[in-house]
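Visitor: First to last, the protein sequences are chains A and B.
For the first sequence, this note's numbering assigns the number 15 to the initial residue and increments by one for each residue that follows.
For the second sequence, this note's numbering assigns the number 15 to the initial residue and increments by one for each residue that follows.
By construction, these hints were calculated from the structure, which means they are not laboratory data.
Nothing here was measured: the structure is a model prediction, and the numbers come from that model.
Any given hint could be a false lead.
Under the rule of at most 27 Å between Cα atoms (straight-line distance), these lysine-lysine pairs were calculated in the DSSO-like manner [what the hints assert, rightly or not]:
| id | chain 1 | residue 1 | chain 2 | residue 2 |
| --- | --- | --- | --- | --- |
| 1 | B | 119 | A | 136 |
| 2 | A | 222 | A | 285 |
| 3 | A | 136 | A | 33 |
| 4 | B | 62 | A | 33 |
| 5 | B | 62 | B | 119 |
| 6 | A | 37 | B | 62 |
| 7 | B | 62 | A | 62 |
| 8 | B | 136 | B | 33 |
| 9 | A | 345 | A | 315 |
| 10 | B | 62 | A | 104 |
| 11 | A | 62 | B | 104 |
| 12 | B | 62 | A | 119 |
| 13 | B | 133 | A | 133 |
| 14 | B | 272 | B | 315 |
| 15 | B | 37 | A | 62 |
| 16 | A | 104 | B | 119 |
| 17 | A | 33 | A | 133 |
| 18 | B | 119 | A | 133 |
| 19 | A | 62 | B | 33 |
| 20 | B | 234 | B | 222 |
| 21 | B | 136 | A | 119 |
| 22 | A | 119 | B | 104 |
Number of protein chains: 2
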Amino acid sequence: MLIVQKYGGTSVGSIERIKEVAKRVAKTAAAGNRVVVVVSAMSGETDKLIGLASQLSPNPSDREMDLLLSSGERITSALTAIAIQEQGHKAMALTGRQMGIITDKVHTRARIERITGTKAGKALDEGYVVVVAGFQGITGEDDVTTLGRGGSDLSAVAVAAALCADLCEIYTDVDGVYTADPRIVPDARKMERISHEEMLELASLGSKVLQTRSVEFAMKYNVPVVVRSSFNNNPGTLVTKEETDMEDVVVSGVAHDKNQAKITVMGVPDKPGLAAILFKGIADANILVDMIVQNVSSDAKSTDISFTVPRTDGRKALQLTMKIAASMGAKGAVMREDIAKISIVGVGMRTHSGVAARMFETLSEHGINIIMISTSEIKISCIIADKFTELAVRVLHDAFGPATAPAVSAARVKQTGGKSSSGKKK
Amino acid sequence: MLIVQKYGGTSVGSIERIKEVAKRVAKTAAAGNRVVVVVSAMSGETDKLIGLASQLSPNPSDREMDLLLSSGERITSALTAIAIQEQGHKAMALTGRQMGIITDKVHTRARIERITGTKAGKALDEGYVVVVAGFQGITGEDDVTTLGRGGSDLSAVAVAAALCADLCEIYTDVDGVYTADPRIVPDARKMERISHEEMLELASLGSKVLQTRSVEFAMKYNVPVVVRSSFNNNPGTLVTKEETDMEDVVVSGVAHDKNQAKITVMGVPDKPGLAAILFKGIADANILVDMIVQNVSSDAKSTDISFTVPRTDGRKALQLTMKIAASMGAKGAVMREDIAKISIVGVGMRTHSGVAARMFETLSEHGINIIMISTSEIKISCIIADKFTELAVRVLHDAFGPATAPAVSAARVKQTGGKSSSGKKK
Chain A
15 MLIVQKYGGT SVGSIERIKE VAKRVAKTAA AGNRVVVVVS AMSGETDKLI GLASQLSPNP
75 SDREMDLLLS SGERITSALT AIAIQEQGHK AMALTGRQMG IITDKVHTRA RIERITGTKA
135 GKALDEGYVV VVAGFQGITG EDDVTTLGRG GSDLSAVAVA AALCADLCEI YTDVDGVYTA
195 DPRIVPDARK MERISHEEML ELASLGSKVL QTRSVEFAMK YNVPVVVRSS FNNNPGTLVT
255 KEETDMEDVV VSGVAHDKNQ AKITVMGVPD KPGLAAILFK GIADANILVD MIVQNVSSDA
315 KSTDISFTVP RTDGRKALQL TMKIAASMGA KGAVMREDIA KISIVGVGMR THSGVAARMF
375 ETLSEHGINI IMISTSEIKI SCIIADKFTE LAVRVLHDAF GPATAPAVSA ARVKQTGGKS
435 SSGKKK
Chain B
15 MLIVQKYGGT SVGSIERIKE VAKRVAKTAA AGNRVVVVVS AMSGETDKLI GLASQLSPNP
75 SDREMDLLLS SGERITSALT AIAIQEQGHK AMALTGRQMG IITDKVHTRA RIERITGTKA
135 GKALDEGYVV VVAGFQGITG EDDVTTLGRG GSDLSAVAVA AALCADLCEI YTDVDGVYTA
195 DPRIVPDARK MERISHEEML ELASLGSKVL QTRSVEFAMK YNVPVVVRSS FNNNPGTLVT
255 KEETDMEDVV VSGVAHDKNQ AKITVMGVPD KPGLAAILFK GIADANILVD MIVQNVSSDA
315 KSTDISFTVP RTDGRKALQL TMKIAASMGA KGAVMREDIA KISIVGVGMR THSGVAARMF
375 ETLSEHGINI IMISTSEIKI SCIIADKFTE LAVRVLHDAF GPATAPAVSA ARVKQTGGKS
435 SSGKKK
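Build the full structure now, drawing on both the sequences and the hints.
Guide: Right, here's the structure in full:
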């Protein structure tokens with residue numbers, strides 16, 4: 015088998031940890047596999063470099079930041095190769111460029127265009143373990159780029175796709191993907207499998223196990239990805255293409271995100287194009303808007319628009335919104351910060367009705383008021399008061415029930431209620 | 015003018031220092047010059063990386079060490095470019111590879127084969143200050159190499175040669191090249207000029223102002239080099255090709271080196287080839303032999319061979335020598351570690367007789383016994399007991415006299431005695 019193993023910052027966070035990684039890699043290679051290792055910077059290293067640059071400039075140039083930050087992964091790749099050699103295996107460290115990871119020219123968040131991988135292929139044929147510096151690539155003009163936060167996941171999946179690897183293992187500090195945060199729900203279970211689509215929704219919901227773009231890449235090129243811990247030998251969670259039996263499970267997981275603020279613009283005149291002006295202004299300030307709801311006001315000539323942003327961007331977004339609101343003749347804007355987003359995710363929702371109703375009912379039974387609602391094909395999200403976050407996660411996890419799931423798919427949350435009788439698989 | 019400025023580890027040792035460097039570069043550029051900056055790793059950074067690798071392996075692979083160590087200069091180049099941008103000038107950081115520094119494949123001490131410099135030339139034409147990561151290059155097979163300790167000096171001189179720069183300024187933590195160590199000789203003077211040949215002898219004598227290979231390179235390609243301090247605005251010392259008036263000065267400087275150990279092999283049978291076996295064995299262990307003296311023994315059938323090595327390699331060299339001595343039927347080997355090397359250097363020696371005699375006489379007058387002597391065309395070195403080091407430097411500096419030198423060449427040590435009347439320039 016050709017296996018790509020990606021180790022994150024905490025997995026290579028110290029010399030001792032790098033030695034442990036080397037042992038795991040050597041064991042995988044000794045079992046007869048060809049192995050490509052993709053490494054992140056040692057934890058804390060990237061932040062240290064960002065700190066140095068910020069002492070020099072409030073707004074350092076993206077091109078030079080990429081050169082600076084790519085050094086962290088280069089250092090880890092060299093150290094990891096040395097550690098593997100010390101285990102008695104041939105190992106060769108490659109930078110993103112030497113791996114042939116060609117990207118576009120968008121510094122600090124470049125997109126991978128193609129991977130040549132010539133040097134890696136030759137090294138693998140010669141019996142080397144190849145250790146690739148993650149998070150980085152190079153433009154056609156020979157400039158170093160980085161792939162954005164969590165970009166090493168993307169490096170690993172893309173390298174796996176380019177080399178037609180049999181498996182891409184993402185090693186991190188958690189055992190895999192859970193049905194809910196185990197710190198909140200003690201009987202949350204690790205999933206054996208999850209579909210790419212579900213993983214995408216969970217990743218974008220703040221469950222930081224896998225970077226969103228790496229999931230998209232894995233889905234597009236059908237790369238089998240396993241998320242597992244480098245601190246133990248537990249099997250992890252397989253992220254894979256959707257299989258028919260996955261639809262038996264309506265809700266795969268319950269996610270929450272406390273980094274939310276809600277802004278409401280009141281009395282927006284009912285004229286075309288005003289929403290576009292508002293959200294373009296906010297996007298130009300590099301603030302990510304998540305949910306958007308437009309309420310028809312009692313006064314038919316104006317409307318209210320509410321949206322959520324990361325709480326850390328809240329004040330900035332509010333100031334901007336007030337300015338734009340004034341310019342368009344709206345009545346004003348207010349912000350609410352004591353909120354959280356609760357979501358349930360599952361491909362089975364597509365074929366099961368009544369899931370949303372059951373979610374709202376469950377929250378209501380426990381006195382939790384719903385402030386905003388947003389839905390997609392496989393996800394339902396509600397904004398609630400953040401003091402109810404833990405309660406909401408627990409009651410939804412109970413309602414959609416992993417505790418009662420049969421052993422064969424113990425890792426997934428089965429719908430146990432009777433309200434979803436219209437599913438085609440039933 | 016096109017000016018190459020190289021800043022060493024202490025000159026870029028902190029964020030504050032990098033800001034100072036950026037100001038100096040910006041000032042040079044604002045004066046209408048095109049500027050290429052070559053930077054070392056921040057002081058301590060290279061040792062930190064070596065320390066990490068040594069925790070993983072007693073003998074890490076050279077190829078991966080080069081990838082590891084080259085990161086230090088990349089980080090400084092990015093930070094320095096950001097700092098220059100903050101001064102309001104366009105700046106672009108380039109790695110050794112992006113500068114097109116092509117080397118041979120000898121990792122950890124590669125030799126520069128050629129410099130393409132295409133990207134740098136284009137950037138200069140577009141008004142950028144170019145900031146090059148020193149100490150590193152790339153092989154024809156796309157592997158990262160480093161140029162050995164002090165290699166950033168070589169990067170700077172080679173880049174200056176490749177770009178036909180008008181001047182190469184080497185910024186360090188001393189004001190320039192002195193006639194002797196000012197900590198020992200209070201009236202030691204900074205030289206205005208020194209010939210490449212003299213600088214070579216001083217560099218190899220442990221006066222660590224300029225790396226030896228960079229001087230050879232400057233001599234070969236006739237690059238004007240100035241050594242000066244990044245901590246003040248003093249003019250520094252110009253290292254230049256020999257000019258005729260330089261021969262008026264017999265002794266340019268007095269150097270000393272306490273990192274010396276002397277090993278004597280006694281009773282070596284008088285057979286051809288034995289010296290070759292001895293010194294090949296020591297060279298194979300990567301120990302640099304400095305002076306070699308063969309004494310004819312009273313017993314005509316055998317001889318004694320003495321040589322010096324860096325004191326830090328002394329024990330290792332002695333053990334090796336004893337083994338080789340036994341195998342060749344010699345009587346044994348002994349080491350003496352309490353020694354130092356004192357040297358006088360000057361191109362004027364070629365045309366002035368009696369210099370050696372005056373040196374020996376001066377040492378003798380002060381009761382300093384000479385243990386070994388070695389001479390070249392422009393240098394005389396003596397091994398003495400190391401307790402006499404400071405005394406010897408002072409009396410030789412007095413004897414060859416910078417204190418009485420005329421103002422026009424105040425920085426150089428004029429011969430003041432009457433023993434050198436045969437010089438052709440007299």
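Visitor: Run every hint past the structure and note whether it holds.
Guide: Structure-based check of each hint:
1. 119/B with 136/A: holds (18 Å)
2. 222/A with 285/A: Roughly 39 Å between the alpha carbons, so the hint for residue 222/A and residue 285/A is violated.
3. 136/A with 33/A: The hint holds at about 26 Å.
4. 62/B with 33/A: This hinted pair holds, its Cα atoms lying about 18 Å apart.
5. 62/B with 119/B: holds (25 Å)
6. 37/A with 62/B: Distance of about 24 Å is within 27 Å: holds.
7. 62/B with 62/A: Measuring from Cα to Cα gives roughly 15 Å; hence the hint holds.
8. 136/B with 33/B: Since the Cα atoms of residue 136/B and residue 33/B sit roughly 26 Å apart, the hinted pair holds (cutoff 27 Å).
9. 345/A with 315/A: It holds: about 12 Å lies between the C-alpha atoms, which stays within 27 Å.
10. 62/B with 104/A: holds (25 Å)
11. 62/A with 104/B: holds (25 Å)
12. 62/B with 119/A: Roughly 33 Å separates the two Cα atoms, so the pair is violated.
13. 133/B with 133/A: Within the cut-off at roughly 24 Å; holds.
14. 272/B with 315/B: It is violated: about 34 Å lies between the C-alpha atoms, which goes past 27 Å.
15. 37/B with 62/A: holds (24 Å)
16. 104/A with 119/B: holds (19 Å)
17. 33/A with 133/A: Cα-Cα ~25 Å, so holds.
18. 119/B with 133/A: Satisfied, since the Cα-Cα distance of roughly 16 Å is no more than 27 Å.
19. 62/A with 33/B: Holds, at roughly 18 Å.
20. 234/B with 222/B: holds (20 Å)
21. 136/B with 119/A: holds (18 Å)
22. 119/A with 104/B: Holds, at about 19 Å.
Checked against the numbered hints given earlier, this structure breaks hints 2, 12 and 14; the rest are met.
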